[in-house]
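Protein chains: 2
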Amino acid sequence: MADQLIPRRELRFQLYEMLDASALCDFPRFSEHSVETFEAVLDTAEKIAEETFLNHNAKADQNEPTFDGKKVSMLDEVKTAFNAYRDAGFIAGHFDFEDGGMQLPSLITNACAGYFLTANPSTTAYPFLTAAAANVIRHFGSAELQAQFLPDMLTGRFTGTMALTEPHAGSSLADITSSATPAEDGSYRLKGSKLYISGGEHELSNNIVHLVLAKIPGGPTGVKGISLFVVPKYRLDENGEPGTRNDVSLAGLIHKMGYRGTTSTALTFGDNGDCHAYLVGEPHQGLRYMFMMMNEARIGVGYGAAMIGYRGYRYSLDYAKERTQGRKAGPQGNTSKQCAIIEHGDVKRMLLAQKAYTEGGMALCLYGSYLVDCMACADDDEEKATLGQLIDLLTPVFKAWPSEFGPKANDLAIQVLGGAGYTREYPVEQCWRDNRLNPIHEGTNGIQALDLLGRKLWQQNGQGLDALMKRVKADFARATMPQSRALSSRLLPYIDQLDTLIRQSAEDLRSEKQSIALTNASCFLNIFSACVVSWIWLRQAIVAEAALAEGSAEHDADFYNGKLAAATYYIHWELPLVKRDIDIISTSDATCEQVAPDYF
Amino acid sequence: MADQLIPRRELRFQLYEMLDASALCDFPRFSEHSVETFEAVLDTAEKIAEETFLNHNAKADQNEPTFDGKKVSMLDEVKTAFNAYRDAGFIAGHFDFEDGGMQLPSLITNACAGYFLTANPSTTAYPFLTAAAANVIRHFGSAELQAQFLPDMLTGRFTGTMALTEPHAGSSLADITSSATPAEDGSYRLKGSKLYISGGEHELSNNIVHLVLAKIPGGPTGVKGISLFVVPKYRLDENGEPGTRNDVSLAGLIHKMGYRGTTSTALTFGDNGDCHAYLVGEPHQGLRYMFMMMNEARIGVGYGAAMIGYRGYRYSLDYAKERTQGRKAGPQGNTSKQCAIIEHGDVKRMLLAQKAYTEGGMALCLYGSYLVDCMACADDDEEKATLGQLIDLLTPVFKAWPSEFGPKANDLAIQVLGGAGYTREYPVEQCWRDNRLNPIHEGTNGIQALDLLGRKLWQQNGQGLDALMKRVKADFARATMPQSRALSSRLLPYIDQLDTLIRQSAEDLRSEKQSIALTNASCFLNIFSACVVSWIWLRQAIVAEAALAEGSAEHDADFYNGKLAAATYYIHWELPLVKRDIDIISTSDATCEQVAPDYF
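Residue numbers (the UniProt record's numbering), protein chains in the order written: chain A, 1 to 600; chain C, 1 to 600.
These aren't lab readings, by the way, just hints derived from the structure by calculation. Take these hints with a grain of salt, some might be off.
Identical copies look the same in the list; a pair holds intra-copy or inter-copy alike.
Subject to a maximum C-alpha distance of 30 Å in a straight line, what follows is the list of computed DSSO-like cross-link-like pairs (lysine-lysine) [as the list claims (entries may be wrong)]:
no.: 1; residue 1: Lys513; residue 2: Lys224
no.: 2; residue 1: Lys579; residue 2: Lys79
no.: 3; residue 1: Lys321; residue 2: Lys408
no.: 4; residue 1: Lys384; residue 2: Lys59
no.: 5; residue 1: Lys473; residue 2: Lys579
no.: 6; residue 1: Lys384; residue 2: Lys224
no.: 7; residue 1: Lys59; residue 2: Lys70
no.: 8; residue 1: Lys579; residue 2: Lys513
no.: 9; residue 1: Lys337; residue 2: Lys513
no.: 10; residue 1: Lys70; residue 2: Lys328
no.: 11; residue 1: Lys328; residue 2: Lys513
no.: 12; residue 1: Lys71; residue 2: Lys337
no.: 13; residue 1: Lys470; residue 2: Lys384
no.: 14; residue 1: Lys47; residue 2: Lys321
no.: 15; residue 1: Lys473; residue 2: Lys384
no.: 16; residue 1: Lys408; residue 2: Lys59
no.: 17; residue 1: Lys408; residue 2: Lys47
no.: 18; residue 1: Lys513; residue 2: Lys408
no.: 19; residue 1: Lys408; residue 2: Lys337
Please build the complete structure, drawing on both the sequences and the hints.
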């Protein structure tokens, strides 16, 4: 069975038809790039992903890393893939030329990431975490810290982690107890335990650079007293090379149900009182720094979820075209030959749903990356601020919607394969297991709902919401052809309802209904997300319908008709499900809020 | 953390308050039983499940059976558990006294099954399959076949399998190619391959009795030419003991993502032309026989899905009561102590949903078993026929609804546990993996939808539907207290809509809209199931509200209030989701039907 990761046609549609990736090259930052360099980078990503990542996706799942008390061992293929990724310069893909990076738009680096994420999400985690950690140091670290760690991280000689969670403090970071005490040499001595730290130990690199949240004694309580530190596995010697082993140790590996190739670790810092840590930026600003990087990280999680979903979709699609079973409904009866299962209505439904979820998630998150690029490049301060607000507002959707519907797509892929889908002889069950992490990490989807309803909507007097609605209405105005117009008129009443609910929520949150409103926050996120994703699908439909009207080649006509079908599916079949959520919020349904713990 | 499998309070509610289990003892068949004997059997089941099944649920998942080319090996604990189950007489639980059984109502044997299914579904599969195969032989096998195999199967000396699926024929059994040729000795020689045969090889018993579907050459084509055979692993010698190895061999084990303790096998019959097979009943009636056992098997699948869901619910409930994280929303702010996560609104929502899904599924399937008992005992032919039609009609719901919502409950259990839920250090991810099989086997849920819409609704002029509606309306009349009345008035318009849609579907299926109607069959199943489950929850609410009015003890008041909360949750939060499905069907939405395979 063909195992093409992502058809380039799809990416080109997203990058150049839905978005205007080539226009990014008009910004000074990207002026040395062109569609040709973008395509060349995509070619490289595709090739490396197919050749060195895909080959051990199942194998790494079946042979997870082990720890013998001294060293973590894993498949050699992981190192080969990591090196290929590193050698191609991808870790520094969106970093500046002056840092040795490719200075690519995040739109393009994310598009590239799609190849790696569909091929092998668990091996991909190592370089991705390294780039994310390097990005934090680049933004907030002192010149000295940057000089010490950045070059080696960007070339992949050193890898990075994000060490936030503690056994008793996951969603509630205010409660971390790791402490960092100033030492005479200007550094700190860190003490504490961290849990679920991905990539926390391995032999892929010469050094591991942990970014650790900890409290400096005497600082403010709660989230305002959290600082951020660089804690290397090996301290650097006078030549900047890894020297003395730092006092960080692996307490044990955690065994996840998916992403099994990525080490998940419990780490202990300062057991012997000698864990050297280097403050990043100012004291007590750690959580703020992490949050400033959060939007991009959350787009990344959503995009990853969409991509793992996409892998399952493509596989089940190929399977449905090849697998014969049963007959088409109709008069031919038992005597005719079996048909491919893609001919069965319910299988088409399951494929169309997967397409709507995964291409919808891809389009959504690439749009997010595009906004990030536009914001970074905007020279008008007001526009920059507005784009920032828009990204802030949409971040809970970027993270939560694909991470809810990517796994749903994987579930449908299993169902399309039937009994085969449930076995480890086929790849779709692994996709499903891998993807289950995404609704949890980088802020559970319940927390995303609270973030949207409790904070993001009202930030800067709702500037983000205004920016969103302006864009939605502009697209309504563009939806002039028959199918797009029909879809936009189905969507319009939901947008109007959303407006009403937002005004109601503003009042509820300031009244005795506050607790009910917060309990039902997930319903609000459902409505908001469905409106946003419907709009994203409307945009795809507008582009597709226009292209069809221009008269496309036959193969392209199928492609565009597929986009129209998926847009129609989403707006006819998925959007109406939020009528339930509209009812719950507009009636202030108190069922969940009022249930007492003892009733269970 | 407490790991009580099912609180007896819950089972007592289902058996004696929702249903009238003690009234079953008025039937001659069950006249030797009483509530006391039922409770004694439940005690035994609970004890064996806790002591010998629960102990190796995770271990069997982590150490699945292996095949060295000659023999299948598995954990010793599986055999210990199997023997304990067998020795307590559970395999023959609902068989006649004269067959050495306990002649228990299937309501009670299913209630017992709950303990085993929550404790360890994969070890449970071996005795369950044996009982199911024995049941087929008991109903359709000749006296000689029964004498040869039944006693040893009912005592668990022999185990059984159901060998239906072939590599190219799963949902489409008409296309099996296994063949059985008459031999001179009156038996047959079977040849063919079977796939995904659970329990197809192991060393738990002295012999394995495969029930195999095959075609006798020269018979009718399609499903009408399928016959059923007994194929033992060892042929019986003159003393009825396992003797010569029969020509059945294990081609290999299949590696499932869940139920990993149950061997899933590829079996080859007659490689050496010497596979002895014994016809069950008449030639060409095999599929009919299997279908006559299907209702009970499908209730069993639904019940199992609800029970695995229930295990996750109870575990996540205990976790939510113990795990502290974050603070209650309100003015206390950052300085107050962390609260148990069950205090958070969104966690309560996830627990209440799990309760609604799993206790709903339990109540639904136990109601199904109760109907089976009433039908078996009915001495009025008309009543027997009506009950049979009602069971037929509800079977797609018994199977599909819990197998869709049990896994959803497991998904929510993972989410309640957060990062911990995603790790194999906690049991909920295994529940989720185990349960994923249930929407597929015993007829995929897509096939259940076609079975309902294409066949069951119209059987015997809709007699089953009439019987259902009579019962629903009787319960509406009983819903006189405030909360129950409010719930019934929310449900009523859906029941009216359902009636309209059924009349519309009758027309659609005879018109050019047939293909659209069949493509959207899953929407119909959604509506029908949601109405049935709402009714089941209304029944629970009626009982609970009446008990509260009588003035219960405080602990019982919490229990009954919990039932009312879950009923309210289901009818307020879940039922309205089918408005989408009502729209799809009433507008004959053709989105899925019209999408061409090339559009993907």
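Each hint, compared with the structure:
1. Lys513 / Lys224: within (29 Å within a copy, 63 Å between copies)
2. Lys579 / Lys79: Neither: 49 Å inside a copy, 52 Å across copies.
3. Lys321 / Lys408: Both, since 21 Å and 29 Å are each at most 30 Å.
4. Lys384 / Lys59: neither (45 Å within a copy, 55 Å between copies)
5. Lys473 / Lys579: both (21 Å within a copy, 27 Å between copies)
6. Lys384 / Lys224: within (27 Å within a copy, 71 Å between copies)
7. Lys59 / Lys70: both (23 Å within a copy, 26 Å between copies)
8. Lys579 / Lys513: Both: 21 Å inside a chain and 27 Å across chains, each within 30 Å.
9. Lys337 / Lys513: between (61 Å within a copy, 24 Å between copies)
10. Lys70 / Lys328: Result: close neither inside a copy nor across copies, 60 Å intra and 42 Å inter.
11. Lys328 / Lys513: between (53 Å within a copy, 15 Å between copies)
12. Lys71 / Lys337: neither (57 Å within a copy, 39 Å between copies)
13. Lys470 / Lys384: Only inside one copy: Lys470 and Lys384 sit 16 Å apart there, 65 Å across copies, limit 30 Å.
14. Lys47 / Lys321: within (26 Å within a copy, 50 Å between copies)
15. Lys473 / Lys384: Result: close within a single copy only, 21 Å intra versus 62 Å inter.
16. Lys408 / Lys59: Both. Shortest intra-copy (24 Å) and inter-copy (29 Å) distances satisfy the 30 Å Cα cut-off.
17. Lys408 / Lys47: within (28 Å within a copy, 38 Å between copies)
18. Lys513 / Lys408: The answer is between: 29 Å across copies meets 30 Å, while 32 Å in one copy does not.
19. Lys408 / Lys337: neither (32 Å within a copy, 37 Å between copies)
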